[in-house]
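Could you put the whole structure together from the sequences, leaning on the hints where they help?
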Amino acid sequence: MNKELTKNFASGHSACAGCAFPTIVRTILAESPDPVVVSNATGCLEVTSTLYPYTAWKNSYIHSAFENASATISGVERAYKALAKKGKMKKKIKFVVFGGDGGTYDIGLQSLSGALERGHDFLYVVYDNGGYMNTGNQRSSATPYGAATETTPDGKESFGKVEMRKNLMEIVNAHHIKYAAQANVAYLADLKKKAKKAFETEGPVFLSVFSPCTNNWKFPTSQYVAIAKLATETNFWPLYEIEDGKYKINWSTENPKPIEEFLKTQGRFKHLFSEKNKGVIPEMQRILNDEWNRLAEKNNLHSV
Amino acid sequence: MIQSRNKNVEIEEGAVIAHDLSKAAKTGDWRYMKPVVDKEKCIGCTTCMPFCPEASIIMKAYKDGQRDKCDIDYDFCKGCGVCAQVCPVKAITMKKN
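Top line first, the protein sequences correspond to chains A and B.
Be aware that the first sequence starts at 4, since it is given in this note's numbering, and climbs by one per residue.
Be aware that the second sequence starts at 506, since it is given in this note's numbering, and climbs by one per residue.
Quick caveat, the hints were computed from the structure, so don't treat them as lab data.
Some hints could be false.
With a cut-off of at most 30 Å between alpha-carbon atoms, the simulated DSS-like pairs for lysine-lysine come out as follows [as the list claims (entries may be wrong)]:
#, chain 1, residue 1, chain 2, residue 2
1, A, K61, B, K539
2, A, K260, A, K196
3, A, K260, A, K232
4, B, K565, A, K199
5, B, K601, B, K565
6, A, K232, B, K528
7, A, K195, B, K574
8, A, K195, A, K89
9, B, K600, B, K539
10, A, K260, A, K279
11, A, K6, B, K565
12, B, K528, A, K6
Structure, rendered in structure tokens:
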């Protein structure tokens, strides 16, 4: 076991072979200069890292429920501030929440919104694998258009999910927080930089990190880095940050790859390549271009 | 037990579970393919190291005057093959366990 990498999150967890979130957790927590208290929404990360009587977490870790990871950390942070004010606590502590997209986009959205609005000093990290992967791939509001899931299966009448992804970054940005960023597990240097900036910023900060799921996106266990890279190269998952409301795209290309390159790597999009569903991929590309152009406009960068 | 403000009431302390690696499942049992490093090919770039979900890759001294080379700890390695996929010089190959 690598001692340097496992200072916060050890091996021995039961995440699927080839899962992306252990890397995300380790990379982000390594950037904290102080000890951290972690609050975790229900999800794959919580279930796989805390198999009784073992815990993979070496720092303080709280799991309460699906919907209130942010509310939990709010309470902990305020209690710490009160104790620090009274001089009962001298140590500096950072507060971090990890949630999946189900616990963030859907179920935990109100508690996240509340915590952001109240201005607690914490970092919220969403590892986005686009669905409820822990319970067997049900759709969430982060599931991309066209993806087949257990609750939006492909078939005679259906081509998978018919709705667009929710744009959570815009929702978070609407709380006027100082720093929010979108990162990708395949771009670790970028993720590191963003995590460092997040820990340096006072007040609520938000990181949204792309986290491919080998089991339910249906790709070989060795491919998570390659697929995550394609997501950014096709503009499906642009890397950008919003600092004091100002947008900055961190990675871009004049010639993004067509979305097919990303889709054909995964079983959940397999049905889109059939004759019956031939209109879906162009529609996906159109949605993608629209989203990118909107982002590029905010950043004053070239459009596609 | 913790003493509460009311002296007559004792509160049960919540179950505190400390990290103890000896209680961990040895997830190396899951493996059916295992990564094997060709140390002559490995350039010691450490690209694979942070991507390993189990943090099973350690950089170890190999020959004098050379950079530390990639070495795999098989206790927890689940054999996913991510290291072999990201290696820029294809120094890691997946072999039958």
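Here's how the hints hold up against the structure:
1. A:K61 - B:K539: Measuring from Cα to Cα gives roughly 28 Å; hence the hint holds.
2. A:K260 - A:K196: holds, 25 Å
3. A:K260 - A:K232: holds, 11 Å
4. B:K565 - A:K199: OK: K565 (chain B) and K199 (chain A) at ~28 Å, within 30 Å.
5. B:K601 - B:K565: holds, 24 Å
6. A:K232 - B:K528: violated, 35 Å
7. A:K195 - B:K574: Within the cut-off at roughly 23 Å; holds.
8. A:K195 - A:K89: Since the Cα atoms of K195 (chain A) and K89 (chain A) sit roughly 34 Å apart, the hinted pair is violated (cutoff 30 Å).
9. B:K600 - B:K539: holds, 5 Å
10. A:K260 - A:K279: holds, 24 Å
11. A:K6 - B:K565: holds, 13 Å
12. B:K528 - A:K6: holds, 18 Å
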